[in-house]
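Trainee: The residues making up each chain are set out below.
2 protein chains.
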Amino acid sequence: MCDGFGIMLKDDSYFMKLALNEANKASLKDEVPVGAIIVKDGMVLAKGHNLKESKNDPTAHAEIIAIKKACKKIKSWRLNGCKIYVTIEPCPMCAGAIIASRIEEVVYGVSDEKGGSFGTILNLSNVSGLNHKVNVKSNVLANECSMIIKSYFKNKREVKKCKKLTQAS
Amino acid sequence: MCDGFGIMLKDDSYFMKLALNEANKASLKDEVPVGAIIVKDGMVLAKGHNLKESKNDPTAHAEIIAIKKACKKIKSWRLNGCKIYVTIEPCPMCAGAIIASRIEEVVYGVSDEKGGSFGTILNLSNVSGLNHKVNVKSNVLANECSMIIKSYFKNKREVKKCKKLTQAS
Chain X
2 MCDGFGIMLK DDSYFMKLAL NEANKASLKD EVPVGAIIVK DGMVLAKGHN
52 LKESKNDPTA HAEIIAIKKA CKKIKSWRLN GCKIYVTIEP CPMCAGAIIA
102 SRIEEVVYGV SDEKGGSFGT ILNLSNVSGL NHKVNVKSNV LANECSMIIK
152 SYFKNKREVK KCKKLTQAS
Chain D
2 MCDGFGIMLK DDSYFMKLAL NEANKASLKD EVPVGAIIVK DGMVLAKGHN
52 LKESKNDPTA HAEIIAIKKA CKKIKSWRLN GCKIYVTIEP CPMCAGAIIA
102 SRIEEVVYGV SDEKGGSFGT ILNLSNVSGL NHKVNVKSNV LANECSMIIK
152 SYFKNKREVK KCKKLTQAS
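Residue numbers (the numbering used here), protein chains in the order written: chain X, 2 to 170; chain D, 2 to 170.
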């Protein structure tokens, strides 16, 4: 993360840490902790975190929120030359949105066996017929990205157990 | 569309005509004419039409707009028991959003060779691993749904040709 002169290198790990910070924000709102960052020319263009429950909106995933913000900022729906960093492998909807917005590269943390659409349950980066191809990089800070989700669900289970015990006593 | 007593039957064609009406609204705004209607228990819950260019938002497809509106109306991200009528086969993003919102059935008009994700370039209704299955019905008023799009693009090409001729003269 640092070169020999103490200057922060803005590499994939750096941006994934920012995405993890977004995921933490979601967690604090009792949302499944997923975060996303959109970067162009080494600069952060937009950030987003999952707000599905708070907003009662199934489309309010971290990636969709970040894409909408980035487009608003540059006043265009085309995010050519942009990279998106997301803590977990995108679902079909978000993978589709990444392709629809012409994002150049998606960098994700941990794979998602329940819906990951860039290599796990399907791979939208190599479906013929789509008019845009996106590069995919996986397993960037995968342990940290996995831990934050595991920890969220572990906590949820413990709270549920506590509630049951309180009700029974 | 009518029974023997002159009462309008609210069948698939009826709701697809409402979706076509939405598509027309998009066309009047110089957007690719796609419309969507969400129905629950035979009542229209929400409508949407493509606004991608007007809003500079790659996620502003008819289906996503209708889903967001329907969820806002019922104050829940779960659209269980709902049907979505859409004039063209949904793209990967919209097919993913339909699954994410737990919509029960998607009824579409014309197939889309450039991105249709319920049977054409891929089929998200039978990908194993996803936690929701959606029923799919295709080819409802397919000719009308195809014509509105063909007519839009024909008109666009003619306007372009006219502009070139005017510039050259």
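Don't take each hint at face value.
Copies of one chain are not kept apart here, so a pair can be met inside one copy or by any two copies together.
What the hints assert, rightly or not - Simulated crosslink set (DSBU-like; lysine-lysine; CA at most 35 Å straight-line): (1) Lys76 <-> Lys164; (2) Lys165 <-> Lys138; (3) Lys164 <-> Lys11; (4) Lys30 <-> Lys53; (5) Lys11 <-> Lys165.
Note that these hints are calculated values from the structure, not bench results. Quick caveat, the model's predicted, so the values are computed rather than measured.
Trainee: All hints are to be evaluated individually against the structure, with a verdict given for each.
Mentor: Hints and how they fare:
1. In the homo-oligomer, the alpha carbons of Lys76 and Lys164 lie at most 35 Å apart only across protomers (26 Å), although the nearest pairing inside one protomer, at 48 Å, exceeds that limit.
2. In this assembly of identical chains, Lys165 and Lys138 lie within 35 Å of each other by CA distance neither inside one copy nor across copies; the values are 42 Å within and 43 Å between.
3. Taking the shortest alpha-carbon separations for Lys164 and Lys11, neither the intra-copy value of 44 Å nor the inter-copy value of 46 Å comes in at or below 35 Å.
4. Taking identical chains as interchangeable, the C-alpha atoms of Lys30 and Lys53 lie at most 35 Å apart whether they share a chain (11 Å) or sit on different chains (30 Å).
5. Taking the shortest alpha-carbon separations for Lys11 and Lys165, neither the intra-copy value of 46 Å nor the inter-copy value of 46 Å comes in at or below 35 Å.
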